[in-house]
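As given, the protein sequences belong to chains A and B, one line each in that order. Throughout the first sequence, residue numbering follows full-length UniProt numbering, covering 1 to 579 in sequence. Throughout the second sequence, residue numbering follows full-length UniProt numbering, covering 1 to 579 in sequence.
Rather than coming from a laboratory, the hints here were simulated on the basis of the structure. One or more of the hints may lead you astray.
Pairs count within a copy or across copies, as identical chains cannot be separated in the list.
When the alpha-carbon atoms are kept at most 16 angstroms apart in a straight line, the in silico EDC-like pairs for lysine to aspartate or glutamate are as follows [what the hints assert, rightly or not]:
{"no.": "1", "residue 1": "418", "residue 2": "8"}
{"no.": "2", "residue 1": "390", "residue 2": "451"}
{"no.": "3", "residue 1": "411", "residue 2": "163"}
{"no.": "4", "residue 1": "467", "residue 2": "534"}
{"no.": "5", "residue 1": "377", "residue 2": "25"}
{"no.": "6", "residue 1": "537", "residue 2": "99"}
These figures come from a predicted structure and were not determined experimentally.
Protein chains: 2
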Amino acid sequence: MDNLALCEANNVPLTPITFLKRAAECYPNRTSIINGQTNFTWPETYDRCCRLAASLISLNIAKNDVVSVVAPNIPAMYEMHFAVPMAGAVLNPINTRLDATSIAAILHHANPKLLFIDRSFEPLAREIIQLLPYADSELNLPVIFIDEISFPERVSSRELDYEGLIQRGEPTPSLVARMFHVQDEQDPISLNYTSGTTADPKGVVITHRGAYLSTLSMIIGWVMGTCPIYLWTLPMFHCNGWTFTWATAARGGTNVCMRHVTSPEIYKNIEMHNVTHMCCAPTVFNILLRGNPLDLSHRSGPVHVLTGGSPPPAALLKKVQQFGFQVMHAYGLTEATGPVLFCEWPDEWNRLPENQQMELKARQGLGVLGLAEVDVKNNETQESVPRDGKTMGEIVIKGSILMKGYLKNPKATFEAFKHGCLNTGDVGVIHPEGYIEIKDRSKDIIISGGENISSVEVENVLYKHPKVFEAAVVAMPHSQWGETPCAFVVLQKGETDKEDLEDKSLSREKDLIEYCRENLPHFMCPGKVVFLEELPKNGNGKILKPKLRDVAKGLVAEDKVDVTSKIVHRRVDHFTSRL
Amino acid sequence: MDNLALCEANNVPLTPITFLKRAAECYPNRTSIINGQTNFTWPETYDRCCRLAASLISLNIAKNDVVSVVAPNIPAMYEMHFAVPMAGAVLNPINTRLDATSIAAILHHANPKLLFIDRSFEPLAREIIQLLPYADSELNLPVIFIDEISFPERVSSRELDYEGLIQRGEPTPSLVARMFHVQDEQDPISLNYTSGTTADPKGVVITHRGAYLSTLSMIIGWVMGTCPIYLWTLPMFHCNGWTFTWATAARGGTNVCMRHVTSPEIYKNIEMHNVTHMCCAPTVFNILLRGNPLDLSHRSGPVHVLTGGSPPPAALLKKVQQFGFQVMHAYGLTEATGPVLFCEWPDEWNRLPENQQMELKARQGLGVLGLAEVDVKNNETQESVPRDGKTMGEIVIKGSILMKGYLKNPKATFEAFKHGCLNTGDVGVIHPEGYIEIKDRSKDIIISGGENISSVEVENVLYKHPKVFEAAVVAMPHSQWGETPCAFVVLQKGETDKEDLEDKSLSREKDLIEYCRENLPHFMCPGKVVFLEELPKNGNGKILKPKLRDVAKGLVAEDKVDVTSKIVHRRVDHFTSRL
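The whole structure should be built from the sequences, with the hints applied where relevant.
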């Protein structure tokens, strides 16, 4: 039994880049990418990726070299998810909402051999280059601009540009054979930064094996059939678009690209291209419902929406579903290559009362098949919590879809993998039916008089209030209890248009606290409610709690609202513009 | 980038047995197995498998030991697909339709440490033991009987029995931890014989990695959602039930077990348990349509049927789909751990004319995601055929889901993997849309006057004749052309009941040949039509062409039908009873 040796035929390293070759062979007439007036078929995308990879190789890009990119959801960004690893290199997609200083910090840490940047970011690019230490050394970081594909800018013939690289690439058959053969499936395929602005940059190294298994897990978790029409509302720079960059190729889908996530753009694309799938943070539901939401419920099938980043509030969920969106909730993290929990939805749950359905849908769900283990453990004893839906612990996971580690950060890597699992830093419970529900980020938990308060639970109650549009709860200092919840609230549109008298604001705060006291244990009620015009968010629509926590730190429960509220307004505005 | 070392958290060998642990955790209240009056939940199945594995370990079953089993689709057969590899051993499921000599030949070759056998096969077991060479050596093969779970036979206390092993198993936590940790994902998980009766037994060695990846590929190919109700019409001994033994656990499904595949049993189970999925060879469609087929089209959803082994004839397909079965066609082979091509069905194909739909559905389809490569190659030049839907070549595949090789048969392993791919021995074409269609087994191709004739194409024409129930075409010797097609036909029920005069038979043959000449090039028409009461089939309902070929060898195109027809009847009957 042991004598059998593996051979070329059955010992093939796993990599998602094979999905591109398969797509060109299996879906030769299907549209791979739609970007405004420009369409490609899968054989065309395959050809463009092969050419780009050949050009990269001719530029001496080699194994383990990093290639960075700053671009919105455009065809080039999609193609690079294949072409860069096909050249043996590692793709480093950078959050486009970061400022020059943050991007320079990432580049300094990642040390790429090339930087691709969308032409719309040209001024930013100049600023970044100025900030890089290369300026006074012999090193040089070539910048390659990506022009709008249908209207390329005139570039000087000496300047490298994206389409030029594709044109001049010469993918010979032997070179192409090499491109699709990965030496070791544990080799890195991408480098995704979770935070670049701090002194402790965390560059998550994703492997070919992890990306392959994660892609399969996504397709299964979402029950994605053949030939989906996928709308790119989720930024591809975010966790490689939750691995759907690779999954759409695997399923022979069509990628509908979008530069800007606005309500008219989304609805236009859904109608025009008959979109079947899209991913987004729950905050995008607000974009979908604001303005003139289009009722899609008459269509032959729903638009399947995979949402994550934070639990979808029940009221929002109900509304978007009425409009023809079928929402599935997932939970993931960059360190796990994408989503790792899916709120699987058995048929019979459709027969439950609507409110109960919404509560169930807000749960993060069950571990994907790419994980070998999921558990919720007491942080101190390292013991599994009882499956009672009540006892909180840290969610820990294990399996081949996890990152290889943090680049050049052995300390953070060690901490992340302590106790033989990836410690997610998220605090949750396991319900008796097996579904995991996240109560909070461990750092978002509010500890009041020794009691753990889940900020998410308080937010859920606030979201149910008819006047509340968005809410975020963080800890604020309390003289007696140590900490107490502080709520930041954006009111529904009609509400804020009304006269903004100080006592109005005060009575609003009183109302909301009173409302919370009716719906929550008293110790969980916010000591203060701060009204904002919008919440500070990152590029993916995720609310930036650290920013709010900074603000809340300067408050105490006894302060007058009128003064602090104004300060808060100014400070948060400042943060928002920076992001 | 290279400095990152893998660790316990992210370096987890792939194995489908983790799906059992996950099912117990994620679907704690779901029914795992239904067998008549007996039901289990997933935690119960998990517990029983852990106990059985613990018992096997206590019997000194160790890594790479083979454990054989002869049983129909009963809970024990399902449990052993997990428990045996959990003990580190290799499961060897044996075709229950084989005779004692054939099974003894397999056992002699596989050299198992234990043989599990269903009580209904007790006389067969005695016969097998007699045939084993162990009788006069010191070696001994312990036989463990599996009794009907709800009515266990009285067994002497000294006799090992299946339920006894489960009862006495003591799975300690440290033992269980070991059970779910596979040392190397390339270790074998099962040993499946494709032919045990010849002098050249082929025991296909399947790895944990291959089984894991194949299971994921099946779920994706069939777009199988959460919590399916799966009816076991396909024997589990056949390619581990096309890996659905593991897939139902992966999806938290319910396994509805069935000892005998009869029309009343199938319909009873579908109705009683609300079955959503089943697998079968197309010949089972005949079982579904004979007698009193139940119209299921009123149900809220169809019964999804995955079919393979031979292309589903259009007429049969149409009928079963009218009755509420939604058929998907797949193609696989034991050497590839299960199905490897799925006839993916894009939505817009539902708008095509019905006949065209049936033609498309008969295609074998697109390679699964677990394969790295699928191609159709000219056997002599090893070049890919043009994708024109016409040029035939051998289907070759590559990827981690392939077998490790044939046990103790380096020559056959070498032949199978020659040229760096698995050579399937199936001859097909690639259509311009990328779908592969199999024209024949390479050994079933009929070569007439230098022209290749696909027996499947001739059969397809015969199947369209209203009086034809089943048809199989093989080569028969021809004095002038070398070979010519010989058709074996079973008529529709009403037809055979009529008076069986010799000239009737003769005129029927003439009719059918005439009909073929109207619908096929003349050189492809059968030189002879032989009418049978039934076609010889193996345990999976697959028509045994080698048997028919043996018969046809004794015929020549000029023979009188009356004589040969009778001989054929007798000879085929003999084969049928043997299988």
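Hints, one by one, checked against the model:
1. Only between protomers do residue 418 and residue 8 lie at most 16 angstroms apart by alpha-carbon distance; the minimum there is 10 angstroms, versus 37 angstroms within a single protomer.
2. For the identical chains of this complex, residue 390 and residue 451 are intra-copy neighbours only, at 13 angstroms inside a copy versus 73 angstroms across copies, given an alpha-carbon limit of 16 angstroms.
3. In this assembly of identical chains, residue 411 and residue 163 lie within 16 angstroms of each other by CA distance neither inside one copy nor across copies; the values are 41 angstroms within and 51 angstroms between.
4. In the homo-oligomer, the alpha carbons of residue 467 and residue 534 lie at most 16 angstroms apart inside one protomer (14 angstroms), although the nearest pairing across protomers, at 74 angstroms, exceeds that limit.
5. Proximity of residue 377 to residue 25 under the C-alpha cut-off of 16 angstroms is restricted to the inter-copy arrangement: shortest distance 14 angstroms between copies versus 46 angstroms within a copy.
6. With identical chains, the CA atoms of residue 537 and residue 99 are at most 16 angstroms apart within one copy only, with a shortest distance of 14 angstroms there and 70 angstroms across copies.
When each numbered hint is compared with the structure, a violation occurs for hint 3 only.
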